[in-house]
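K.L.:
Input sequences plus hints: build the corresponding full structure.
So the protein lines, in turn, are chains A and B.
With my numbering, you'll find the first sequence wraps up at 925, consecutive numbering, no jumps.
With my numbering, you'll find the second sequence wraps up at 281, consecutive numbering, no jumps.
The hints are simulated quantities; they were obtained by calculation from the structure and are not laboratory data.
The C-beta atom is built at its ideal place from N, Cα and C for all residues, glycine as well.
Treat the hints loosely; a few may be bogus.
Said to hold, decoys possible - To list a few chain B residues with every Cβ distance to chain A over 10 Å, as calculated: (1) Thr-19; (2) Pro-22; (3) Ser-32; (4) Lys-80; (5) Gly-96; (6) Lys-132; (7) Asp-170; (8) Glu-259; (9) Glu-269.
Stated by the list, open to error - The calculated label-pair distances, taken between Cβ atoms and stated as ranges, are: (10) A:Asp-747 / B:Thr-50: 33 to 41 Å; (11) B:Val-224 / A:Thr-829: 16 to 24 Å; (12) B:Thr-50 / A:Gln-744: 56 to 64 Å; (13) B:Arg-24 / A:Leu-692: 48 to 56 Å; (14) A:Gln-744 / B:Lys-232: 50 to 58 Å.
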Amino acid sequence: MKIVIFGGTPGSGKTSIIKFIIQELRDLKIHYVKFDVLDTTDDVLLREKFDISTEKEISGDICPDHYAALKIPEIIKRHQDKDLIIMETAGLCLRCSPYVKGGLSINVLNILAGKPSGYGPLLTDADIVVVSKGDLISQAEREIFRSKILEVNKTALIVDGNGLTGEGAIDVAEKIRKTPETGGKLTLKHSMPTAICGYCYGNKTIDSGESLKRYNLGKDLKARLPNLNCGKCGFKSCNEFIRAVLEGEAKESKCPYLKGG
Amino acid sequence: MVIKKITILPGRNKEGKAESQSRIDIHEGQKIGVVGPTGSGKSQLLYDIEKLAFGETKTGRKIKINDKKANKVLKIDPTRKIIGYLTQHMNFMTDTTVHNFLKTHIETRGKHRTKEETEKLIKKVISDANTITGEKIKGHTNLLVLSGGQSRALMVADLAHISESPIILIDEIENAGIRIKKALDLLIKKGKIIFLVTHDPILALDTGKRFVMKNGGINKIIYTTIREKGISNYLSWINNYILDVREEVREGKQIEELKLICSPMGGRE
Chain A
665 MKIVIFGGTP GSGKTSIIKF IIQELRDLKI HYVKFDVLDT TDDVLLREKF
715 DISTEKEISG DICPDHYAAL KIPEIIKRHQ DKDLIIMETA GLCLRCSPYV
765 KGGLSINVLN ILAGKPSGYG PLLTDADIVV VSKGDLISQA EREIFRSKIL
815 EVNKTALIVD GNGLTGEGAI DVAEKIRKTP ETGGKLTLKH SMPTAICGYC
865 YGNKTIDSGE SLKRYNLGKD LKARLPNLNC GKCGFKSCNE FIRAVLEGEA
915 KESKCPYLKG G
Chain B
13 MVIKKITILP GRNKEGKAES QSRIDIHEGQ KIGVVGPTGS GKSQLLYDIE
63 KLAFGETKTG RKIKINDKKA NKVLKIDPTR KIIGYLTQHM NFMTDTTVHN
113 FLKTHIETRG KHRTKEETEK LIKKVISDAN TITGEKIKGH TNLLVLSGGQ
163 SRALMVADLA HISESPIILI DEIENAGIRI KKALDLLIKK GKIIFLVTHD
213 PILALDTGKR FVMKNGGINK IIYTTIREKG ISNYLSWINN YILDVREEVR
263 EGKQIEELKL ICSPMGGRE
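P.N.:
This is the structure in structure tokens:
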């Protein structure tokens, strides 16, 4: 099985380009996962268009990159019969990237959306950079943009992509075919941010005292939780459970593994 | 890279029927028109050429350069890419002056030049652009405030002198605000091969031959007659005349007279 992860800011044209790539890879058994923060219907769209298995994963309060990392093992387990799993996710704050070693990382980059140097690991860790919307600007600027990408990511294959005509889909599909199967332990290409302040635990007041109080309560709870993200409490992750407890929306006893108290 | 010839080997139309012509050879300095209604396959043809397709696109066409299958590097490396592209939707988006923009682009192309050479090239691009557009472009003008005509003129001059792509694909470029024939002459003078998707008679009747697209395939090839070239010249004269009067209006002048005399077979550029 192969894993391909598409990352790119909202509106960069990921889904449009993925449609053309799936078209090129119709002979493979594909599973498509869309990670989004609030909601999406792309999973339905692609299921109906190509008759492939699809799903959506909504991250809600968790950073979508964190959430994707939590979900990947489970998704792989469920789809052992597939040749290819395509995951699509929006890089949210550009601090991280959703890519894993052992899979193919593809960044869809909107040429109209600012300088390549402002993107971070979403761009710099990608194996392929699909530059979208290049048909809207001059040849000269496209050449300049390409050289700016190469300044921050020297090894990526840069492909001109067009979500309307399907330009670039052949090149990406060819590269996917040549990608080795995923095997062994998966690791993230880039570490996630350290999330250790009161705001991570749901504090909304702009006040250092309040934030510290919240942090200490959260830290205490965190130490007593199993951090398995097992979901038995009804929340997607232990961190979300902590937030809910601190907000008074859930009882500690909901967690079957909680120590002490 | 010197391109003497590009060859299009036939593919299939949307119904899977093979294109009738056996092979089409196009030599340096030639202009080819591509005409046909929406959905007839014009853009796909340009796409096949841009991709230097070799059977992998949906038409199955094969494109050869100098009688050979194109090297993979030519398709991907931007500085070695042999195809330049100009479309109707294109705009500039960089917030900088014309001069600095051209300088950045020259540096991006990676060819070593002295400061003087670079400055000379920038001057040449701007002065050539100014022969194409009515309203003069200046080096210190911001790219984003250029009019549509000025932008297109600058893109053409840039393609001619800096991008150096030997093959140019032009998709439905409008002639509003530019001396379109002069623009093409500038590219042709550089020995480029030009593919023009257009229904503008000034352009379409000025090519050597035009492909008539139908149902995704090349259905027919029309060779331009001398009479058609004359008609193109005449229309171009009118277009340029309109441009001159437009400039006078812009400058706040009263338009006193209407010039009606022109020779259909040449005359004014």
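K.L.:
Decide, hint by hint, whether the structure agrees.
P.N.:
These are the hints, each one checked on the structure:
1. Thr-19: holds, 21 Å
2. Pro-22: It holds; B:Pro-22 is separated from chain A by about 20 Å at its closest Cβ, greater than 10 Å.
3. Ser-32: Answer for B:Ser-32: holds, closest chain A Cβ roughly 25 Å.
4. Lys-80: holds, 21 Å
5. Gly-96: violated, 5 Å
6. Lys-132: holds, 18 Å
7. Asp-170: For B:Asp-170, whose nearest Cβ neighbour in chain A is about 5 Å away, the distance does not exceed 10 Å, so it is violated.
8. Glu-259: holds, 24 Å
9. Glu-269: With a cut-off of 10 Å, B:Glu-269 remains clear of chain A, as the shortest Cβ separation is near 38 Å.
10. A:Asp-747 / B:Thr-50: 33 to 41 Å: holds, 37 Å
11. B:Val-224 / A:Thr-829: 16 to 24 Å: holds, 21 Å
12. B:Thr-50 / A:Gln-744: 56 to 64 Å: violated, 46 Å
13. B:Arg-24 / A:Leu-692: 48 to 56 Å: Once the Cβ atoms are compared, 24 Å apart, the range 48 to 56 Å for A:Leu-692 and B:Arg-24 is violated.
14. A:Gln-744 / B:Lys-232: 50 to 58 Å: Roughly 54 Å apart at Cβ, these two residues keep to the hinted range, so it holds.
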